[in-house]
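Let chain A serve as the given structure and place chain B with the ligands on it in line with the hints.
Protein chains: 2
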Amino acid sequence: MSKNLTKRSEDYSKWYNELVVKADLAEMSGVRGCMVIKPYGYAIWEKMQAELDRMFKETGHENAYFPLFIPKSYFSKEASHVDGFAKECAVVTHYRLKNAEDGSGIVVDEDAKLEEELIVRPTSETIIWDTYRKWVQSYRDLPILVNQWANVVRWEMRTRLFLRTAEFLWQEGHTAHATKQEALAEAKQMQGVYADFAENFMAMPVIKGTKTESERFAGALETYTIEALMQDGKALQAGTSHFLGQNFAKAFDVKFTSKEGKLEYVWATSWGVSTRLMGALVMTHSDDKGLVLPPNLAPIQVVIVPIYKGEEQLETISIKAKQIMAELKSKGISVKFDDRDTYKPGWKFAQYELKGVPLRIAMGPRDMENGTVELARRDTLTKETVNQDVLVATIEDLLGKIQESLFNKAKDYRNSHITEVDNFDDFKTVLNGKGGFISAHWDGTSETENKIKDLTKATIRCIPNEYIEEEGVCVFSGKPSTKRVLFAKAY
Amino acid sequence: MSKNLTKRSEDYSKWYNELVVKADLAEMSGVRGCMVIKPYGYAIWEKMQAELDRMFKETGHENAYFPLFIPKSYFSKEASHVDGFAKECAVVTHYRLKNAEDGSGIVVDEDAKLEEELIVRPTSETIIWDTYRKWVQSYRDLPILVNQWANVVRWEMRTRLFLRTAEFLWQEGHTAHATKQEALAEAKQMQGVYADFAENFMAMPVIKGTKTESERFAGALETYTIEALMQDGKALQAGTSHFLGQNFAKAFDVKFTSKEGKLEYVWATSWGVSTRLMGALVMTHSDDKGLVLPPNLAPIQVVIVPIYKGEEQLETISIKAKQIMAELKSKGISVKFDDRDTYKPGWKFAQYELKGVPLRIAMGPRDMENGTVELARRDTLTKETVNQDVLVATIEDLLGKIQESLFNKAKDYRNSHITEVDNFDDFKTVLNGKGGFISAHWDGTSETENKIKDLTKATIRCIPNEYIEEEGVCVFSGKPSTKRVLFAKAY
Ligand SMILES: [Zn+2]
Ligand SMILES: [Zn+2]
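If you're matching them up, the sequences are chains A and B in order.
If you read the first sequence in full-length UniProt numbering, its first letter stands for residue 1, the second for the next number, and so on.
If you read the second sequence in full-length UniProt numbering, its first letter stands for residue 1, the second for the next number, and so on.
Pulled out of the complex, with its shape left as it was, chain A reads as follows:
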């Protein structure tokens, strides 16, 4: 229980790793770098999926499914793309096992070697653009607004649950357009959808911005990002949307006849968020007692724990509890009545704190006499006595307030951790002390960016959409600059 959970102030990284496992979100599997997402964690991911899917459909997108495997030759067609992914690919080379001739067990059947190796998709641009070639002839076939929910594999050497795993779950949107303008608008629209989702559904404030050239997706002309800030002062890239220009259309020869009868290459975008958001969720809101979940994402929003001695007391409480449950369910509020007799109330309290259930109702014989319950908020750890008559209305109201309050708290923290600095000493002092985003002038070169990264591990998280035109000099090189960008150490 929380007693055994490392404190954030002691070791933030250890706190995170322990919490993900203890709260039953996920665990490492016996397969190197691959995780098992446990039912409680998956239930949260399902809520993320459902809301994102709704938002994608509302903006005109449809789902489809493309192959897991990508022939090596496809992969090589877009030069910068293969450079970006070749070093971390799972490669399928054979299609059969057999019994070893010496009886030593099961071995790969060398007679079943593939003529061309298959890559387990790290992302699907290449296989999808190979398909779009068949779907697009005329401007009437455009736009294609397709999303895919899928698993992908990137062979990371150092892995952490949700944040960096060899296999992860995600969605990848892949759209095709007749004009550059339309593709740019789509890529920006999806950055907006992601920001909306992060802030209004996950209660996680984000900064919208553009990536620098060296931080762009492999194959993109522009990468739009949303950047969140974790409680340890490190940034986390929570979603990206890419304007791909005509790179993939050219690599896969996808052309269309325009209204004017001209043959032109198609314009592309792609955009994705992944189970990484689960890590961001944990690190944005949780505390030393365990998970804190915004009500929108809580698999159980309210738990009722009876406090009783003997069957008779339990029965009286159960009747009332079931009545409350029915009322809450009719309002669309998810509720669990934990009447297990194999665990004590104190154990249950700690358990639901660890799992981040937003509201806990405790009901004992005294409450039954008084027509009250004890209502506890997970986020503030405060308790109040509430009259049973107004309980459901109180809960409805509180769930909204908790959602809002979590967002405001995270936003206050984030806002107080954007620090303007104007020289490199301050840069280093803030980075290694207070942490968070550092707003500083930069000369616009990859050279400077890389030097700063080498010296401090800080990267440019983004050029914020809402930057202010301002004369200044680069915090590192002293060269002239017209705007501040955001640096941070990042996950």
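Quick caveat, the hints were computed from the structure, so don't treat them as lab data.
Fair warning: there could be bad hints in the mix.
Identical copies go unnamed one by one, so any copy, or any two together, can satisfy a pair.
[Said to hold, decoys possible] Heads up, simulated DSS-like pairs for lysine-lysine below, C-alpha to C-alpha not over 27 angstroms straight-line:
{"id": "1", "residue 1": "Lys-134", "residue 2": "Lys-234"}
{"id": "2", "residue 1": "Lys-113", "residue 2": "Lys-98"}
{"id": "3", "residue 1": "Lys-255", "residue 2": "Lys-344"}
{"id": "4", "residue 1": "Lys-98", "residue 2": "Lys-14"}
{"id": "5", "residue 1": "Lys-234", "residue 2": "Lys-22"}
{"id": "6", "residue 1": "Lys-22", "residue 2": "Lys-336"}
{"id": "7", "residue 1": "Lys-134", "residue 2": "Lys-22"}
{"id": "8", "residue 1": "Lys-348", "residue 2": "Lys-434"}
{"id": "9", "residue 1": "Lys-47", "residue 2": "Lys-409"}
{"id": "10", "residue 1": "Lys-113", "residue 2": "Lys-77"}
For chain B with the ligands alone, coordinates are given in the frame of chain A:
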């Protein structure tokens, strides 16, 4: 359009292959044996998923996610399991690509060879039971009722869209129980859930039964199946639920302490349905004009096609159409208004017939004068003139009737294609003539079963749950038998 669609009577197999592609359900990808599920096909699959997921949760199951990759050594732990799947496995042997030293392109980096090969999951019993070992100590940890939505890979040599593809999408339930009785009850319950889904949601009648030993899942003690009948008289296994006994618990050492304090092995089930159901759906209801979809599964339930000359007529019709759409949507009915001016009404009619939209409304200037519309049913291809005042009520009513009527039609066909035969000549005559299920006595031996299969290609689809105790002699061997089983050629 349907003009170009091969007739079922000409070549059923060709009809199916063409229809799946022309109706935009799926197509083969550039990757051997792997399909692309197109947005229209995927929208149908999503409806299947949503309903199944609801049914699983209603019966107490939760979703989780397990790794795509299975170490070869796990795979080998359950002997009959590895025998069943070893010959059709995609094997990952390397984790990196590199530029060839001779500049010839991208090649596998031989320095990045895995110590142990990884199998792309063909099914997840082994990786899941390796995980359950960590989840189970006491009887209080049981049952585990978990389902996974996932992609799996089986390296089939001969592939067909939806029916047999190297990669397919499915759900796999994996449950763990304290007693044999409970595991058996679970496996049978899920067979019931599948049958309910097939009949009441897909309008596809099925026979519930048990597989013979030689048709069982690799590693199962019993396999319960639902068997459907396609319009060409061939059977299709639409879903299976397996009682796995303690085989996987023993292979992966999963034990629990019982209430009585004894250490015992856990009992297991697994059960699954896949995108194969999409093939079953197509072949159960569709006709020579294209798809016929039960309203429950139709992405578009009603389409409105305006028939007009000039902007003014279109505008009058549009106002009415949008009013009808709003009313239909408020009843939860999905509706599309196709006012594209790039296609003629006749083209649109054929298109929506091909795509199986259950109801089509046509509205022209004459209809506007008379306050009527023309309403066409896809399943019966009949048309009627309906007063606009009663249109929405009529549609609501008709959608229910179509769903029912499709089921009854398929059931009549199925029932008239179960033929009792009592000698092997009749067996062959029915099999190669009328087709369908053959109800015949069988002596209970795999030897006879295999001989019949070799001679006729017919397999025992199942021993029906509702068999009748009856003295008889085996249709092949003449040995005594106590019940009839169902034979058929099958997909
Ligand atoms: Zn601080
Ligand atoms: Zn017939």
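Compare the structure with the hints numbered earlier in the document and write down the numbers of the violated ones, lowest to highest.
Numbers 1, 4 and 8, in rising order.
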